[in-house]
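**Q** Sequence:
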Amino acid sequence: MARAPWSDDEVEAVRELARAFFDKEVVPHEEKFVAQGHPDRALYRRAGELGLLCSALPVEYGGGGGTFAHEAAIVEEQVKAGDGAMGMPVHSSIIAPYLYHFGSDELKRRVLPRAASGEMVLSIGMTEPGTGSDLQNIATRAVREGDEYVITGSKIFISNGWLCDGIVIAAKTDPEQGGEPDLPGRLPRPASAW
1 MARAPWSDDE VEAVRELARA FFDKEVVPHE EKFVAQGHPD RALYRRAGEL
51 GLLCSALPVE YGGGGGTFAH EAAIVEEQVK AGDGAMGMPV HSSIIAPYLY
101 HFGSDELKRR VLPRAASGEM VLSIGMTEPG TGSDLQNIAT RAVREGDEYV
151 ITGSKIFISN GWLCDGIVIA AKTDPEQGGE PDLPGRLPRP ASAW
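1 is the number of the first residue of the sequence shown in this note's numbering; add one for each residue after it.
Careful, some of the hints might be misleading.
[To be verified] Only pairs whose alpha carbons sit at most 25 Å apart, straight line, appear in this in silico PhoX-like list of lysine-lysine:
(1) Lys24 x Lys80
(2) Lys108 x Lys172
(3) Lys108 x Lys32
(4) Lys155 x Lys172
Keep in mind the hints are simulated off the structure, nothing from the lab.
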């Protein structure tokens, strides 16, 4: 198969490492993971040891210092292997970058190295009973009380929910305001409740 135009030798080395990891350490145990409803937590630690978690995060936060191309190669190999157990794309390609770009310095120092090592599994809770993933109509609320937010509401289908140590929860802080329009290159700024 021809190399993708966005790839280079370093990305291909990561790809080969990811392929071996999924083929040898994940896929042979897929039936067990399905039966128990989640992958073994040790797989996240192993992926972290190999540098397959948070590969695009800066080294100062425990990441690989790579680019999204590194993440894309890992995700492609996960898909090619047929693994549906590990929520690595949610962990490494969505939540970790979200925390890196919008989290406080203290949050980044506390959470990201542990996420990159696989010691901490990251998750996201968006979907709600009755509204699905329609974020404009979510009912979950976050109300500030002193130095923290009190969350009320329900979430279902929480990606990485069985194993998570840290979760980004989609919640409204002001139900009177609608959602911001989708603007290219802009993510909504979360309320930091970590």
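**Q** Check each numbered hint from earlier against the structure, then list the numbers of those it violates in ascending order.
**A** Structure breaks hint 3 only.
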